[in-house]
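Trainee: Residue numbers (my numbering), protein chains in the order written: chain A, 301 to 527; chain B, 7 to 739; chain C, 25 to 118; chain D, 25 to 118.
Check the hints yourself; a few may be wrong.
[Said to hold, decoys possible] Chain C side only, calculated, beta carbon under 8 Å to chain A, not exhaustive:
1. Pro49
2. Glu50
3. Thr53
4. Ile54
5. Asp57
6. Leu58
7. Glu62
[Said to hold, decoys possible] Calculated cross-link-like contacts (lysine-lysine; reagent style DSS-like; alpha-carbon spacing at most 30 Å):
8. Lys90(D) <-> Lys43(C)
9. Lys77(C) <-> Lys115(D)
10. Lys374(A) <-> Lys329(B)
11. Lys31(D) <-> Lys43(C)
12. Lys90(D) <-> Lys77(D)
The hints are simulated quantities; they were obtained by calculation from the structure and are not laboratory data. For each residue, glycine too, the CB sits at the ideal point set by N, CA and C.
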Amino acid sequence: MSRVGILVFPGSNCERDVFTVLSKFSGLEPELVWHTKNDLRGYDAFIIPGGFTYGDSLRAGAIAAHSPVIRELKKISEENLPILGICNGFQILVESSLLPGALTVNSSHKFVCKSARLVVKNNSTPFTTMFKKDESISIPVAHGQGRYVIDNRAYRKLERNNQIVIRYAQNDINGSMNNVAAVCNEQGNVMGMMPHPERAVWIQMDQDIRPEGSGVFESLRNHLLWH
Amino acid sequence: MSELTAGETKYLRKKLGRKPSAFELDVVSAEWSEHCSYKSSKKLIRKFPNRSKFVIPGLASDAALLDIGLGYVLAIHIESHNHPSAVEPYGGSATGVGGVIRDILSLGARPIALLNALRFYPLDNANKRYSQSSRWLLRNVTKGIADYGNCIGVPTVGGEVEFDRGFSNYCLVDVAAIGISKREKIIRNRSNKRDIVFLVGGATGRDGIHGSSFASKKLSGEDRSAVQIPDPFTEKLLIEAVLEAVDRGCVNAMKDLGGGGLSCCLSEISETISKGLEVDLSKVHVKEDGMSPSEIILSESQERMLVITSQTNQAYLTEILSKYNLSYSNIGSVIEGKNLVIKYAGDVIMNLPSELICRAPLIDRDTIPPESKSEDRNLYFRERPSDLYKSILKVLANPNIASKKWIYEQFDHEVGIRTVLKPGTADSSVLRLENGKYLAVKLDGNSKQCDLDPYHGTMCILSEVCRNIISTGGKPLAIIDHLQFGSPENAHIFWAFKQSVRAIINYCEFMRLPVVGGKVSFYNENNLGPIKHSPVIGSIGLIDRSEWIMMPRFGSEESIFIIGNTKDEMGGSEFYETTGRAGNGKVPIVDLNDDMRNAKAVLRLIREDVVSSLHDCSKGGLAITLCEMAMRGGNNFQVDLDKIPNSCSSISNLLFSETPSRYILSTNKRKRLNTMLSAISGLEFSEIGMTTNNGSESFLHHSKLNSPVILTQKNITDSYENLGTIMERTPVD
Amino acid sequence: MNTNTSKSRFIVLVNIENKPYVSDPEGETILRDLIMEEGYSVVESVRTAKSLKMIVRAKNPKQAEKMVMKICEKLRIFNPIISSCTVNVVKSLP
Amino acid sequence: MNTNTSKSRFIVLVNIENKPYVSDPEGETILRDLIMEEGYSVVESVRTAKSLKMIVRAKNPKQAEKMVMKICEKLRIFNPIISSCTVNVVKSLP
Ligand SMILES: Nc1ncnc2c1ncn2[C@@H]1O[C@H](COP(=O)(O)OP(=O)(O)O)[C@@H](O)[C@H]1O
Ligand SMILES: [Mg+2]
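If we strip away everything but chain A, and leave its shape as in the complex, we get:
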């Protein structure tokens, strides 16, 4: 059994969804971890779920980035443990500099909740090995501050290092630079993504959404099994 810590902050709101989904994957043992915890030993991976930590005050993720649990996470990230931030989790990871770039207000200036077509560009991270390179998948998004921004030089570096893991296949989502939907750090163990894979796991009635988010969690399980 691999223990996956789901970090919970005041205002997180997808932690129970991620918990429910993870517990359907045999081999993964999810556990909710409250943000005041300052000892993160004993876990094999971490997920920071979506939500509105601290009500998105100042900027999404800005306040949570200062919490004790993130300080610990920074130490652990160097040990190459898989760390996944989803939506607000992604925002927390960039605000705490665990990932490069910034996430800011959507170019529509509105919250957007819909199914997004995506293309997997890097299938060698712990969260994407189950996908084929350039595979196209559909996963819903739901965010108000998801526009990925970074300066040109840093962007080129991301491309060179293969750090852009997923892109949107449509350009009416949030105005992200070159349609970036997910990035990872240089080592590849820390990844942030705006789409919500946990929302595309059940068999949905709506044809627009096939359960293509499962690949993210299956990849994680396989990674933990073999590493």
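Could you slot chains B, C and D with the ligands onto chain A? The hints should help.
Mentor: Chains B, C and D with the ligands in isolation, oriented as in the chain A frame:
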């Protein structure tokens, strides 16, 4: 400060045997406002049927409880925030969401879904000023709902929007919430002497003082008292903390704070637990210094809950509250007797029976039916295929009909991973439940029809909302209602209110549906007078199996059937609205027997697995229903209008009449379906055409037309996206 | 369109803040959960506000300010019920 | 806590705006509405910014500004990747 009438003042003095103090008067007049006391409506709405084998009686006060099996219960409630939203649409709508969520929370249930019903002036009207104001209201109301609901992590799964000239400089914002719980976790509101009363959550400030009497007044200019600032982050903490406290068994009784603030909350909970309360207002945590006892007790500051716990559990409760960094104060305790004792810094400033405060003297209002409307003018409409074609696109583009994507894409409708049918995909929203069943839910309203005829208009809404549930495969389980009218002091308006109530009683008794909750909102008036009568009805239903969940999307090569007769019933129709004939025509009449027969037939077909797609036929009429099924399925249709059972005097009436109780469905088992329907005596139905996937055109044939009406996927889709087009229009240079 | 050459260009700063009696949950959260949490007790209070920087053409600074104020009111860029708004020319552009 | 009586109180305005390379959807929306609704072609551009008004205790205005700037940097009150930040004392309180 007192808002009491002369009669009420006299009654109060007689009951007290003395002159009330200024403080007592403040408390009593808050509770005796129309908004809190239902003094005009209570006698009437008491007659709603409210029993069924699903309803759990006697527990719920803030929201109704339904037993859905395997130990699970659902809570449901509806509220409006009309006045605050009309002056501060962002804060008003947001705090409206917060309020209805706390109603669910106060039962100990976890909120799992939100819906809303909104009414505005047309967005794109010749009156530019009203339209501009309407777009401002729509933008900010939807943003308020989105920012609040999204932040607290409760999906907004559906709703309803209507645009009408009756809402100049005004809007109606109704919000409904659903919660789920295990039956044994529900708060029973039983409390013992010496239990401790905590006020939890946001600090109490001067905001919103007299808000509930504000809601019981006509809107006049700027009124600061009702401005409320939303704090969804605190609400989210409140939800998690309260549910954790419930889970650990440290809540004996609980109530949300809404209209009337502490004064209503304390007197009502004292009544509910049948005990007295002693509370010291100087212990309340406040936002600002120097608040008077009246200001503290009347404040309608948001994001607060009253929690009553035992002495032994007190430490657990405060530990949980500290975990979530929530402010709280221990403001008093439960006492012997049935009085509400209010102190300030130790001195008793009020000691009154809670019952006296809670039970305002009820009023019998006068009713006068309106002058009967002038006869229907004979209106000529040219019925060439090109005219019919244009009308179809025009009705599709009418924001009342057009896609509401611009609105619902702002709402997180997926958090909670239980939304199976999302907004925009089907007639009602469908949610997966913990007990393996599925919940279908929808709100509906139709102020155009209700304005012309409140009785039949309300009937139409009831019929439509139930058809929406049935069209996704659900069996209606219960009804909630929200009755929004102008001033009850106007005898014409009160007459209409009574008609609406009568319709609900008649429909629900016939269908054996309990009315499990609701709200009355009077004094909805703008600068031009009262709004159109706007009852909003909600329905929830259960679907036992996922195979029974239906959607309105045509497949290819399927036979199309219609169930139900189509009549010349054009009053309040979108076709008349779009073609400049608003106010004319007869409002459709619901034939209860037909309604029941058709509904049962459809549910049977679904359970026999002979239906491929299904849609109820209502707003916009048959033409719109077919176009929607074509768009959603990406397939086309060939329909022979001569085959439709009808008594219409024209082709346009046949296409656009809003006769209730009709369904359109497609099937690839036409023979079995035919046999099954033929066996039902009295059922009107027929096979009217086929779906196709070759080419991109749909055809409507009629023997009186020299050529068919031809519609392309692109035409109908472009028209259907008109709401977004209006709201996002880029400037032309 | 009708670029009146007799006009100059100004940078106008519009500041919109909640009236003093209107609470500001965002400011409170920043103070409590970020600044206090990190031990900076010299900060007593935080209020958030919004500003707009506009470049406008007008005859003179006075006219620029008047015009911008009118626009803000008409377009309801702020709601006078909860916020107050100040308008100041901060710079004349060449 | 340790209220140093030798200190005064100041209102400090922190203004956070996007760097020029980061677009400002809210400003663009306002500009678009402005032109669409009212034809105010005299407005050339609109940029929005966020500000925080803090009350802080410090020895003098200079120190107040320095201290607040330090807090802003350390706590990332602004995100240096996309925004810049100015800090100004706008008032000394008694
Ligand atoms: N129109 C109505 N139909 C049915 N029940 C109603 C109606 N109006 C109010 N009620 C019921 O009366 C009770 C009190 O309503 P309400 O004043 O909304 O409660 P509160 O505001 O305290 O939450 C609730 O149970 C509500 O469902
Ligand atoms: Mg209530």
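Trainee: Min Cβ distance, glutamate 50(C) to chain A: is it shorter than 8 Å?
Mentor: Holds, about 5 Å.
Trainee: Lysine 374(A) and lysine 329(B) were given as a pair; does the straight-line alpha-carbon distance stay at or below 30 Å?
Mentor: 24 Å, holds
Trainee: Run the distance test for lysine 31(D) versus lysine 43(C): straight-line Cα separation, threshold 30 Å.
Mentor: 28 Å, holds
Trainee: Given the proposed pairing of lysine 90(D) with lysine 43(C), does the C-alpha separation stay at or below 30 Å?
Mentor: The hint holds at about 28 Å.
Trainee: Regarding the pair lysine 90(D) and lysine 77(D), is the alpha-carbon distance no greater than 30 Å?
Mentor: 15 Å, holds
Trainee: Holds or violated: the hint that threonine 53(C) contacts chain A, with Cβ atoms closer than 8 Å.
Mentor: 4 Å, holds
Trainee: Can leucine 58(C) be said to touch chain A, with a Cβ gap under 8 Å?
Mentor: The hint holds - leucine 58(C) has a Cβ within 8 Å of chain A, the shortest such distance being about 5 Å.
Trainee: Would you settle whether the hint for proline 49(C) is holds or violated, based on the nearest Cβ-Cβ distance to chain A being less than 8 Å?
Mentor: 7 Å, holds
Trainee: Under the criterion that the straight-line Cα-Cα distance not exceed 30 Å, is the pair lysine 77(C), lysine 115(D) satisfied?
Mentor: Distance ~22 Å between lysine 77(C) and lysine 115(D) Cα, so the pair holds.
Trainee: For the hint on isoleucine 54(C), just tell me whether its beta-carbon gets within less than 8 Å of chain A.
Mentor: 5 Å, holds
Trainee: Quick check on aspartate 57(C) please, does its C-beta sit within 8 Å of some C-beta on chain A?
Mentor: Holds: closest Cβ of chain A sits about 5 Å from aspartate 57(C), inside 8 Å.
Trainee: Does glutamate 62(C) pass the interface hint, meaning its C-beta sits closer than 8 Å to a C-beta of chain A?
Mentor: With a minimum Cβ separation of about 7 Å from chain A (threshold 8 Å), the hint on glutamate 62(C) holds.
Hint violations for this structure: none, all hints satisfied.
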